[in-house]
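**Student:** Chains A and B, in that order, give the protein sequences.
Just so we're aligned: the first sequence equals residues 1 to 265 in my numbering.
Just so we're aligned: the second sequence equals residues 266 to 622 in my numbering.
Which stretches of chain A does chain B cover? Using the computed rule of at least three CB atoms under 8 angstroms from a CB of chain B, they are:
1) 8-18
2) 37-44
3) 61-74
4) 81-91
5) 103-110
Among chain B residues calculated to face chain A with C-beta under 8 angstroms, some are:
6) D321
7) L334
8) E353
9) Y357
10) L469
11) G479
No lab work stands behind these hints: they were computed from the structure.
As the structure is a prediction and not an experimental result, all values here were calculated from the model.
C-beta atoms are modelled at their ideal positions from N, C-alpha and C, and glycine is treated no differently.
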Amino acid sequence: MSYKDKIKTDLFPTIWCPGCGIGLIMTQLATVMDDLGLDKSNTVMVTGIGCTGRMGAYMQFDSVYTLHGRTLPVAEAIATVRPELNVIVVSGDGDLTSIGGNHLLHAIRRNPRIKVLCNNNEIYGLTGGQTGPTTPVGTKTVSSPAGATFSPVNLQGLVNTNPNAFYAKTTVYHQGQMRRAIKEAIEWPGFAFVDITSQCIENNGRRIGFPSANEMLNYYKKEYRQAPPGSTQLANHQLGIVKGKPAETEPVPVGAASGNGSGEA
Amino acid sequence: MAKRLLQGNEAVLLGAVKAGATYFAGYPISPSSEVLMAASVYAASHPELRFLQAEDEIASANAIIGASLAGAKSFTATSGPGYSLMQEAIGYAHKLGVPTVFVDVQRVGPATGMPTMPGQGDILQTRYGSSGDYTSIVFYPSTVAECYEYTIHAFNCAEESRSPVILLSDAFLGHLNEVVDLDAIDVPVVPRTLEPLASGHTRLFSGVATYPDGEPATADGDEFIRQYEEAKALRLEVADRYAFYEYGWNKDADTLVIAFGITRRIAQPLAPHFALFRPIRIWPVLQDQLREIAPRYKRLVVIEGSDGQYASVVERVLYRDVHRVPLLGGRMSLEAVREGLERIGLLPRELAQATVS
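Generate coordinates for the entire structure from the input sequences, incorporating the hints supplied.
**Tutor:** And the structure:
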C-alpha cells in the first residue's frame, strides 16, 4: 500500500493554488493513515469551510464537509455515536478558531476522541486574504491596511486548559516532525490538536514580501526550532508535542456521561 | 401500560425514544428545557440514548446532523432565539439530505421576547428560516398524546424524506399535563434509511454545491437545479403520505375556523357555531384540502398565535380574503379569542353572553 491509495488522484489537479501548503499536509496525513491502517471502513473525515476543507473531497474516505466553523460538533457527535471510528478533522485557522471558536473551547473541555489538524496559514485565504484570528500583529492584509491590530489567538494556551489534551506545533517545512505529530495525534486517546504553520503564497505571502512559496518554506526552516525534549510548553516558533495526562476513562457513548470525564478521576 | 399523567415536552421525548432515537443534543432554553432534562434522565439509565448538553444551539443542531450521518436517529429541542440560531444547520441538513428532527417549542418573539409565554410566531420561519430554497416538512400536534404520536411521525417522515423534519409545539402545549395512554397509540416505526458513515464508501457530504464525485459544482446552474428538483420531488412525495389534518365541529356553519396546535384547543367552545379545519401538517401547506373544504364556507377565520402568518398563507393558497384573530403577547386564551372575534363582528351571541356571565 502507498499513501497514494488514500488520495483520489483522479481528481487532480486540486483547486489549491500552485505553491499552497495544504497539499504538503494531505501527503503526510495520507502517509500516516497508510502506516496506521486507516481506511474507509474505520475512518471518517470532517472538514470545514476554507481552502483546507476541500481536502475531504480528495481523500478515499467518507467525508463530511461542514458549515463554516462547525466541524467540531459534527465530529464529536460522530465519535460519540461510533466510538470505534477514527474521526479526523482538517480545517483552517479561521474556521476552527474564529467562527468555530466557541466549539473549540468546549471540545477541548469535553475531550472527545477527535483529531484536529489545523492548517494555520495566518490568513483568510479562500476569501481573498483578510486578516484572521492568527494573523500576527502588524501584518498588512486586504482588511488591515495599517497592519493587524490584535494579538493572535493563543492556541497552545487554549488547548492546554485541559490537562488531558494533546497539542502539537509543526510546520509544512518540517515534514518528518509533522508526520510524527499527526501520527501521535491519531494514536492519542482523546482530543488532539495539531497546529500546522503553512504558507498561503497567493493571498498572503506575496503581499508581505515573499517572492515565492519556496521563500516561505525557507523562512520556516530558519525561524522554527525543535523544543528541548520534555518541554511542557512551547515558546514562540518552537516545534514539539505537548501531551497532557491521558484521561483515565475511555470515551463512552453513554447518555449523561457523554464526553469522557475529562479532569475527573 | 395504564393511563398516566404526562407533560407535552416529556411526551416528545418518549415519542422520540419510541421512534428509535439514539442521540439527543440540546441547550437549555425555556419553554423547551423539559425535553433536554427528560432526555438526560432517560439517557442515564438507557445508554443507547446518547445525550449531549452542548455549548449552544448551533453546536446542538450540527451535532444531531453528525450523529445522524454516523447512524443514529437524532433530535434536538429548542425555542425562540435557539430555533433562530439553528436555521443555518437546518439548511445544511436539507442540502445533505440528512434525516433528523428539530423540535421547536414556540414562545413569544422576536429576540428574547417573552421566554415563558406561548406563541405561534415561527410558522413562516419553519418554512423559510434558512437561506435559499428547500422543501420543509412540519407537524404541529394539539394534545399531549399527539405530541407523542407526531414525534414518531416526524422521525418516520425524516427517514423517508431524507430531510430535517420540524415538530412544532408551544409553551402552553409543552407544559400541559394530560392523562394519556401511550399504548393506545400505535405508529409503526420506519427503520433507518441512510447508510451510516464508514460503510466502505468514499462519499462527500457537502454543504457546498458539488457533483456526485465531489468536485465543486459552484457555478453549474443545471446541476444545481437537477439536485434541487430531485430533493424537492422526494420530499413532496413523502409529505403526501403524512397529510394530517382535522375537519370537524359544526360543518353546516357558514364560517370556517382555521386553528392549529394549542389554539385549536383554546377555541374548542366555538365548536357549536363554526366549522373547524386544523392543519397538523403545517408544511407543505395542505393546499388540496383547503381548496376542497374552504369553498363550502362564506367566511374563513384564522385564529393563531402570530400576527397573521398562517392567514397570509391561506390567502395565498385560496386567492380570497381571510379574517384574522391574532393572539399576541402570550395571550392565548378563550378571552382573547372572544375579543378577536368581536373585533371582526363574528362573535356568536351565546359566547358573548357567556363572557358577561
